[in-house]
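Here are the chains, one letter per residue:
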Amino acid sequence: DTGVSQDPRHKITKRGQNVTFRCDPISEHNRLYWYRQTLGQGPEFLTYFQNEAQLEKSRLLSDRFSAERPKGSFSTLEIQRTEQGDSAMYLCASSLGWTSYEQYFGPGTRLTVT
Amino acid sequence: GESVGLHLPTLSVQEGDNSIINCAYSNSASDYFIWYKQESGKGPQFIIDIRSNMDKRQGQRVTVLLNKTVKHLSLQIAATQPGDSAVYFCAENNKGGTSYGKLTFGQGTILTVHP
Numbered sequence: 001d002t003g004v005s006q007d008p009r010h011k012i013t014k015r016g017q018n019v020t021f022r023c024d025p026i027s028e029h030n031r032l033y034w035y036r037q038t039l040g041q042g043p044e045f046l047t048y049f050q051n052e053a054q055l056e057k058s059r060l061l062s063d064r065f066s067a068e069r070p071k072g073s074f075s076t077l078e079i080q081r082t083e084q085g086d087s088a089m090y091l092c093a094s095s096l097g098w099t100s101y102e103q104y105f106g107p108g109t110r111l112t113v114t
Numbered sequence: 115g116e117s118v119g120l121h122l123p124t125l126s127v128q129e130g131d132n133s134i135i136n137c138a139y140s141n142s143a144s145d146y147f148i149w150y151k152q153e154s155g156k157g158p159q160f161i162i163d164i165r166s167n168m169d170k171r172q173g174q175r176v177t178v179l180l181n182k183t184v185k186h187l188s189l190q191i192a193a194t195q196p197g198d199s200a201v202y203f204c205a206e207n208n209k210g211g212t213s214y215g216k217l218t219f220g221q222g223t224i225l226t227v228h229p
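Note that the protein sequences, when read in sequence, are chains R and Z.
Residues 1 to 114 in my numbering are what the first sequence lists, from first letter to last.
Residues 115 to 229 in my numbering are what the second sequence lists, from first letter to last.
There may be inaccurate statements among the hints.
[As the list claims (entries may be wrong)] The calculated DSSO-like cross-link candidates involving lysine-lysine, where the alpha carbons are at most 30 Å apart (straight line), are: (1) R/K57 with Z/K185; (2) R/K14 with Z/K156; (3) R/K11 with Z/K170; (4) R/K11 with R/K71; (5) R/K57 with R/K11; (6) R/K71 with Z/K156; (7) Z/K182 with Z/K170; (8) Z/K156 with Z/K170; (9) R/K57 with R/K14; (10) Z/K170 with Z/K185; (11) R/K71 with R/K57; (12) R/K11 with Z/K156; (13) Z/K185 with R/K71.
[What the hints assert, rightly or not] Residues from chain Z that keep clear of chain R, each with C-beta distances beyond 10 Å, as calculated: (14) L125; (15) S126; (16) N132; (17) I148; (18) G155; (19) K182; (20) T183; (21) P196; (22) T218.
What the hints contain is simulated information worked out from the structure, not anything from laboratory work.
Glycine is no exception: its CB is placed at the ideal position from the N, C-alpha and C atoms.
Given the sequences, and given the hints that come with them, work out the whole structure.
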């Protein structure tokens, strides 16, 4: 257990529905990252936060995706109007930031869109 | 675009053997590299990291070697155990600007350790 938690662990939804995932990072970590991982591939960067500021978003993050970290602690990732291509593992990671690149990952949320 | 890749997608070894997992990277500006282990159904687990100003770094039973001349990274696992069976990913940090800390992952190598 790295200390990063994600909820839910699994989510099955029908195409067109909205889903929201939550990530709780290690408490003293000011950086939080979201990645997406499909079967057989390495994680792909989606976005990251420095405290509550969202500093970068990948081109993978379409307009249907939005992420927030309102108080600089936990973060949510919402996918609107889900598509079958959104099926993947969504991983959250956190790090101390400027002093350390070392990112600790949570267990992930497995999304299946039917 | 820039990418990190692996030479071998699968590696099978006997328990007690040493394992070597290789990774090629293409971004010469990358300044930090990490190896992660991922077991089925779990998130990636940090193994060891190395900065670009180093050639070698050792941990417990693991060693990472960095060859910047040929842009090659390797992970050596000594006395491999069945519990080491997993997918191993190398990842690089893209240097500079707002990408500070963003990791780019390779495809992964499946390591299977036979008792």
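Here is how each hint holds up against the structure:
no., hint, verdict
1, R/K57 with Z/K185, "holds (27 Å)"
2, R/K14 with Z/K156, "holds (24 Å)"
3, R/K11 with Z/K170, "violated (41 Å)"
4, R/K11 with R/K71, "holds (25 Å)"
5, R/K57 with R/K11, "holds (23 Å)"
6, R/K71 with Z/K156, "holds (27 Å)"
7, Z/K182 with Z/K170, "holds (11 Å)"
8, Z/K156 with Z/K170, "holds (28 Å)"
9, R/K57 with R/K14, "holds (26 Å)"
10, Z/K170 with Z/K185, "holds (14 Å)"
11, R/K71 with R/K57, "holds (19 Å)"
12, R/K11 with Z/K156, "holds (15 Å)"
13, Z/K185 with R/K71, "violated (40 Å)"
14, L125, "holds (15 Å)"
15, S126, "holds (17 Å)"
16, N132, "holds (24 Å)"
17, I148, "violated (7 Å)"
18, G155, "violated (8 Å)"
19, K182, "holds (17 Å)"
20, T183, "holds (23 Å)"
21, P196, "holds (21 Å)"
22, T218, "violated (7 Å)"
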